[in-house]
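With chain W fixed as given, assemble chain C onto it according to the hints.
Sequence lines, in order, name chains W and C.
In terms of the working numbering, the first sequence opens at residue 19 and continues consecutively.
In terms of the working numbering, the second sequence opens at residue 34 and continues consecutively.
Treat each hint with caution, since some may be false.
[As the list claims (entries may be wrong)] Think about it this way: if two alpha-carbon atoms lie no more than 20 Å apart in a straight line, the pair counts; the simulated DMTMM-like pairs of lysine to aspartate or glutamate are:
id, chain 1, residue 1, chain 2, residue 2
1, W, Lys284, W, Glu48
2, W, Lys175, W, Asp262
3, C, Lys164, W, Glu48
4, C, Lys199, W, Asp80
5, W, Lys284, C, Asp191
6, C, Lys199, C, Asp210
Everything labelled a hint here was simulated from the structure, so no lab data went into it.
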Amino acid sequence: MSQQTATVPVATTREAVTTRQRRPSPFSLEQVGAMTFLLVFVIYFLVPFFWLIVSSTKNAGDLFGTFGLWFSPNFNLWSNLQQLFTYNSGIYVRWLLNTLIYAGVGALLGTLLAAMAGYALAKYVFRGRDLIFSAVLGAILVPSTALALPLYLLMSKVGLTNTYWAVLLPSIVSPFGVYLSRIYAGASVPDELLEAARIDGAGEFRTFATVAMRLMVPALVTILLFQFVAIWNNYFLPLVMLSDQKLFPITVGLQTWNVTTGGANKFLYTLIIAGALVSSIPLLFGCIILQRFWRGGLGAGSVKG
Amino acid sequence: MALETTSQAKTTSRVLGSERPKPSSSFSLRRRLTPYLFILPFGVLFLLFFIVPIIYAVYQSLFRSERNGLGLGAASVNFNGLGNYVDVFHDPNFYSGVGRVLLYGIVQVPVMLGLSLLFALLLDSTVVRFKAFFRLAFFVPYAIPGIIAALLWGYLYDPSLSPIVKGFSSLGLGSPDFLGPQTVLWAIANIATWTWTGYNMLIIFAALQAIPGEIYESARIDGCSGWRVALHIKIPLVAPALVLTGIFSIIGTLQLFNEPQVLSAISNNINSSFTPNFYAYYTAFGNNNYYYAAALSVVLALVTFVFSFGFLRVTQRQAGV
Chain W
19 MSQQTATVPV ATTREAVTTR QRRPSPFSLE QVGAMTFLLV FVIYFLVPFF WLIVSSTKNA
79 GDLFGTFGLW FSPNFNLWSN LQQLFTYNSG IYVRWLLNTL IYAGVGALLG TLLAAMAGYA
139 LAKYVFRGRD LIFSAVLGAI LVPSTALALP LYLLMSKVGL TNTYWAVLLP SIVSPFGVYL
199 SRIYAGASVP DELLEAARID GAGEFRTFAT VAMRLMVPAL VTILLFQFVA IWNNYFLPLV
259 MLSDQKLFPI TVGLQTWNVT TGGANKFLYT LIIAGALVSS IPLLFGCIIL QRFWRGGLGA
319 GSVKG
Chain C
34 MALETTSQAK TTSRVLGSER PKPSSSFSLR RRLTPYLFIL PFGVLFLLFF IVPIIYAVYQ
94 SLFRSERNGL GLGAASVNFN GLGNYVDVFH DPNFYSGVGR VLLYGIVQVP VMLGLSLLFA
154 LLLDSTVVRF KAFFRLAFFV PYAIPGIIAA LLWGYLYDPS LSPIVKGFSS LGLGSPDFLG
214 PQTVLWAIAN IATWTWTGYN MLIIFAALQA IPGEIYESAR IDGCSGWRVA LHIKIPLVAP
274 ALVLTGIFSI IGTLQLFNEP QVLSAISNNI NSSFTPNFYA YYTAFGNNNY YYAAALSVVL
334 ALVTFVFSFG FLRVTQRQAG V
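If we strip away everything but chain W, and leave its shape as in the complex, we get (with noise of 0.2 Å):
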């Protein structure tokens, strides 16, 4: 049933473009010059990367005394790491579980509530309905590092400064989950099956979650993935609420490792870069992984028709 239902438009139409458009000659030069122009733009994108990998494996003075894209004789990727997730008693790995739960916790939740909001502000008539979405809407245009500031001085006010939650509760709302999540359930969820539902006895809540909630899951995947991605880059925020190391997420621990790196502490380069290669393996793996998911919501609402 969801899937006759659920709109997601991307991958019917991709489907009848491809078939229906002619492959052309196999050499032609336009080709030869498209695939030029990004192969070109490949290297730059991946070349970091492949940086990243090569200095991981290096030695502090390795890192230093030998050519930055090729592999040094001496092999320190183990070390690096052993060295990374033991210095400071295993502070590494407490930052990473921090973020993992700021970005997990905060994005499962904050979705959640974006359902509700934009399911309510799609199917229901009620007075405030368009002031709400207007201050919705005006809210994803405030930059929330202007917020931050504030936000500080009043967590502090009520002793809620460095700690989980300073990071973890302004993390939950995203205005921009809810403009979304109403655009897919006015698109996605019939009026006519609510109306069943509600015949047939269900009540409201129970109609939202177990028939508007399954249909608008194509939704709610991009929604989760945006925030995830959202929390875990997170920078500002943290830095501003948390002074306890403890607490920090990984980036703000790298970036307070990467101030100290001078003079005797310069065997932090390694740890650093080591770090920051553990730090994106997670979210490489997601978006390889969920890269369908993303399509299939990016696009709501950004066609004209």
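Chain C in isolation, oriented as in the chain W frame:
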């Protein structure tokens, strides 16, 4: 875009409750309360962590902390009216920061979005093979947190580490200085372009994919070339996606913070007022002047709002988005 979607939502969502006979008044009251209950959890957090901080920042910006003539004793907090705002508008540090990010934005945003559009069009066309690979390769930098991307590029700029600098000098081409007074801004622009081009490409690409195939049919029968189809059919149709990415890029540009902060550890050419956001941060946490920082944040938010809203209006008129 915003206007379009609201009108669209209005037509698609009907009044469900009013069409049915109401069995009892308590039932209909509950029905009327339902949407508010759905919005409540988000609404409470939105109020607490979006609306209240904005109001509080405005309130704080009206005060200032003063010490007595000798600078001894505890500072007292006094009402300052719009004094902080007058100071912001006379603050050369603020202007130099805003001017810098505007210069940066005028160059970086068109370059990045131009590349994103070009990649999206190429990956949507028939001339390119291995599309999945290219899409992934371009998108991968988005998976790297901005701060780590900045660290990474910082090492690629740092003369003591950089393979780029070493490569140039070993070829006898001199060693480029990516962190000099004139170049460091563009070194930052490069980091942002590297991180966000693939993300914007994906948004535009998704919009291209959603165009119904029939639209191309007539163009093909009329004998339009690939480029003309792209220019006259595809680009106008994905204009809303371009506006969306444009607005996000403008907001990101005016908030610029991560990259300058990271690079300031290795470059002497990034001062505490390099970008307005950087300046607000240092005013608050370096100088403990929260009141002035609040005024800076408010003005910065207003500037951002004016630019993104102005951009929306202009593009709406131009492209009829």
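Here is what the structure says about each hint:
no.	hint	verdict
1	W:Lys284 to W:Glu48	49 Å, violated
2	W:Lys175 to W:Asp262	18 Å, holds
3	C:Lys164 to W:Glu48	16 Å, holds
4	C:Lys199 to W:Asp80	14 Å, holds
5	W:Lys284 to C:Asp191	14 Å, holds
6	C:Lys199 to C:Asp210	11 Å, holds
Taken one by one, the earlier hints fail for this structure only at number 1.
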